[in-house]
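Protein chains: 2
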Amino acid sequence: MPSINIGVIGFGTVGEGVVRALLGKPQFLEKRIGARLVLKAVCDRDLSRKREVKVDRGILTTDVNKILHSPDIRIVVELIGGVHPAKEFILEAFRRGKHVVTANKALLAECGKEIFEAAKRANVDLYFEASVGGGIPIIKALRESLCANHIDTMLGIVNGTSNYILSAMSEESLSFNQALAEAKKKGYAERNPALDIEGFDSAHKLAILTLLGFGKSVDLSDIYVEGIEDISLSDIRYAQDLGYVIKLLAIAKNIDGCLEARVQPTLLSREHLLSNVKGVYNAIYVHSDLAGGTLFYGRGAGSKPAASSVLGDIIDVARNIKNDSINRVPVYVEDRTIRKLRAFSETESRYYLRLSVIDKPGCLAMIARILGRHGISIASVVQKERKQAKIVPVVMMLHDAKERNVRQALDQINRLSAIKKKTVAIRVER
Amino acid sequence: MPSINIGVIGFGTVGEGVVRALLGKPQFLEKRIGARLVLKAVCDRDLSRKREVKVDRGILTTDVNKILHSPDIRIVVELIGGVHPAKEFILEAFRRGKHVVTANKALLAECGKEIFEAAKRANVDLYFEASVGGGIPIIKALRESLCANHIDTMLGIVNGTSNYILSAMSEESLSFNQALAEAKKKGYAERNPALDIEGFDSAHKLAILTLLGFGKSVDLSDIYVEGIEDISLSDIRYAQDLGYVIKLLAIAKNIDGCLEARVQPTLLSREHLLSNVKGVYNAIYVHSDLAGGTLFYGRGAGSKPAASSVLGDIIDVARNIKNDSINRVPVYVEDRTIRKLRAFSETESRYYLRLSVIDKPGCLAMIARILGRHGISIASVVQKERKQAKIVPVVMMLHDAKERNVRQALDQINRLSAIKKKTVAIRVER
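Top to bottom, those sequences are chains U and D.
Here the first sequence stands for residues -1 to 428, numbered as in this note's numbering.
Here the second sequence stands for residues -1 to 428, numbered as in this note's numbering.
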């Protein structure tokens, strides 16, 4: 039985999960590959912290070159995250003819094209299933299973922290800050949760999904990003009354050869399968010409789900090594029919508006007139019970409207003397 | 650019979808493979029927040997369904060194092991994504993405006809017969729908899932099969009142090395993601040691979704041909730790019971006593409004109980003079 040697860089939460699975079921993995996986080295800056898996001291190292320069290590597993020095490590591994498995979404979102081209030039494999959706095999689905399809829409709940917070607000009637505190207590939010709740982690994942699903490399700066930090419990309640749930969605669409990519809190009908994805779970909905609507659901983070994806990738690469079929599947196929990115201001959706209006006659008419002047029509209006002296919340659902028109109309509406707070606007997906 | 020649056997609904996709996007597919797919021959007994895709008359044939004996056809796509003569065609293709892509669930369920071994001996590839779940890439997920996992549970809604009927009963308050008639009118049920509504189609798919997910070949005759033909609208309503939905599930579990495989109508909590899978959609829930709970959802049937899976398989095989990596992924890996199949009578679940009881004192006590004597405890009881003179429906939810004990208790209960109709018993999954 041939052996394939592996080096793991990064012995944190995911690294522990990968090492535990590699050491814990050697025969199980061996039978699936027809080769033995041998863990040759595990590298981390800090080896003093106690880990939940026992590793032979001889394979632990703080020197990354013990892995990168080792002639007999074939697969390098990069699990340190972040752009630097992960990028340098991966490029060095490529130069030395090593295949790489990584979970690094930030790196692939920021330098994906460069990394993918370097792998191709070096004629090595690069697999990255754990970079999006934890244990959900969405990367393989896009690269292989669905690859005869023209995809038109991807909607993803790809950040567990945000989804946990929105679920807790919705189900336990917590405020945003209470829900965030609970998420931190349970270990679902980091001490500095900005990357998650402000939507940038979702944007990283969306950049990867967009490259694979649409064959188009999108600059992170071209993705419109709006987080959940301004979502209030009252908007969640009003949405519920109307039959909707609020989710943080990563959205990419190809509309007539024009690509849209954005991350935003979104109202979803309670009938939409994504609206039932709760807590730290993730899900990605993909719509395409042949398969129609498909959905992939699972645990979006955590040691074991990430290990499932990393191990799946290691097995894939090992099968390629054993069969001498490196680069069997192109990372992505560029689609030259996509002409351009649609500017966010040009995107169209339905909208939920919550206006804080002084309770006096003629107000609604004024608001409706301004919307009408911008070509925006109202689908429904609910005036809520009076909350504070004279100020009432008015909830409106708009028909499809262009973002730019809505912004311009809201600028005018917010300047009305009858409007007492900045109007809340949340987009709606079908 | 190298060419790979393809022959399609069976020019029905799925065949049309496959041929249309093959002819409709040649460059798109070519870029994904690095080779040109050439449709060399399409075989069907009936070439007179009008198809929705135009095919060069020169490649149409009624003689299957034009495909099986053609030396330059590398991939045979079998889409005629049923065991014979599909089996003979596939085995002949293997003997002549051809790779096979099939959507044939009945054949793989009945003779899977034989077919898989013949493919291995002939050193050819056999792919069959479209055999379970239409456009849902569950086969690849089990064979590749999740293959580092020990799977413990699979729950599948894998028959669109049954799911359509149950959804229509539940949402439009139709009787079973009304819903079946509607399904036929819409083309979601065949003229003879027995295979679908009696659960045997689901059992075929379960046999395939079980082989891949648990590495265990299960005889169809060892799968307990119960269909939806006896599900009444009142049970759907009572279940709804208790927060449940009724679904036809294909269930496979590995409990301590003992395998269970059954198809049955099942109460699922409204919170369960599978309970939101409606209409003709399919979904498969998989739980495993690393990934945890994952779910795969999509269109379970139809020309285009099946074509998505068949094309995905063709691309996979073509990539193997191009990279000389045939048999790169074993069809399944036998798991010798599974000692035996658990007999259906030994399986445990929670139960929903609906009893038709004469409305007189002492009845409930008598029923509770019989259940207690069989070690079965009651979780809740609801006595429904009186329906007919003196006969009232009583709905009970039981705690976990062994099937055999429940059957024995019900035999006694049904013989009570106070019980006026056979008691309905439906299992509950969490």
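No lab work stands behind these hints, which were simulated from the structure alone.
For glycine and all other residues, C-beta sits at the position ideal for the given N, C-alpha and C.
Honestly, I wouldn't trust all of these hints.
[Said to hold, decoys possible] Simulated restraints on C-beta separations: (1) Val331/U to Arg43/D: 46 to 54 Å; (2) Arg337/D to Lys184/U: 32 to 40 Å; (3) Gln176/U to Lys400/D: 54 to 62 Å; (4) Asp239/U to Ser219/D: 49 to 57 Å; (5) Asn63/U to Ser215/D: 43 to 51 Å.
[Unchecked claim] Derived DSBU-like pairs (lysine-lysine); straight-line CA-CA distance at most 30 Å: (6) Lys118/U to Lys23/D; (7) Lys338/D to Lys29/U; (8) Lys420/U to Lys111/U; (9) Lys251/U to Lys64/D; (10) Lys85/D to Lys320/D; (11) Lys276/U to Lys276/D; (12) Lys38/D to Lys52/D; (13) Lys320/U to Lys38/U; (14) Lys48/U to Lys38/U; (15) Lys111/D to Lys338/U; (16) Lys23/U to Lys38/D; (17) Lys48/D to Lys23/U; (18) Lys29/U to Lys251/D; (19) Lys400/D to Lys251/U; (20) Lys29/D to Lys320/U; (21) Lys320/U to Lys419/D; (22) Lys23/U to Lys338/D; (23) Lys111/U to Lys23/D; (24) Lys358/D to Lys338/D; (25) Lys111/D to Lys29/U; (26) Lys23/D to Lys251/U; (27) Lys358/D to Lys388/D; (28) Lys338/U to Lys38/D; (29) Lys320/U to Lys338/D; (30) Lys183/D to Lys48/D; (31) Lys118/U to Lys64/D; (32) Lys111/D to Lys251/D; (33) Lys388/D to Lys338/D; (34) Lys419/D to Lys118/U; (35) Lys29/U to Lys320/D; (36) Lys338/D to Lys382/D; (37) Lys276/U to Lys251/D; (38) Lys85/U to Lys48/D; (39) Lys29/D to Lys111/U; (40) Lys338/D to Lys320/D.
- Lys23/D and Lys251/U: Cα distance at most 30 Å? Holds, at roughly 20 Å.
- Straight-line Cα separation of Lys251/U and Lys64/D no greater than 30 Å? 43 Å, violated
- Message: What's the verdict on Lys276/U and Lys251/D, does the C-alpha distance respect the 30 Å limit or exceed it?
- Response: 25 Å, holds
- Is the hinted pair Lys29/U and Lys251/D satisfied, with a Cα-Cα distance of at most 30 Å? 22 Å, holds
- Task: Could you grab the alpha-carbon distance between Lys48/U and Lys38/U and see if it respects the 30 Å cut-off?
- Result: Answer holds: Lys48/U to Lys38/U is near 20 Å, not above 30 Å.
- Are Lys183/D and Lys48/D close enough, with their CA atoms no more than 30 Å apart? 21 Å, holds
- Message: Need the status of pair Lys23/U, Lys38/D: alpha-carbon distance at most 30 Å?
- Response: The given pair, whose Cα atoms are some 45 Å apart, is violated under the 30 Å limit.
- Lys48/D paired with Lys23/U [C-alpha distance capped at 30 Å]: 55 Å, violated
- CA of Lys276/U to CA of Lys276/D, is that 30 Å or under? Cα-Cα ~19 Å, so holds.
- Message: Given the hinted pair Lys38/D and Lys52/D, is their Cα-Cα distance within 30 Å?
- Response: Given that 30 Å is the threshold and the Cα spacing comes to 14 Å, the pair holds.
- Pair hint outcome, Lys85/D versus Lys320/D [Cα-Cα no greater than 30 Å]: Judged against 30 Å, a Cα distance of about 27 Å means the pair holds.
- Pair hint outcome, Lys338/D versus Lys320/D [Cα-Cα no greater than 30 Å]: Violated. Lys338/D to Lys320/D sits at ~41 Å, over the 30 Å cutoff.
Going down the numbered hints, you'll see the structure goes against 1, 3, 8, 9, 15, 16, 17, 19, 21, 24, 28, 29, 31, 33, 34, 36, 38 and 40, while the others check out.
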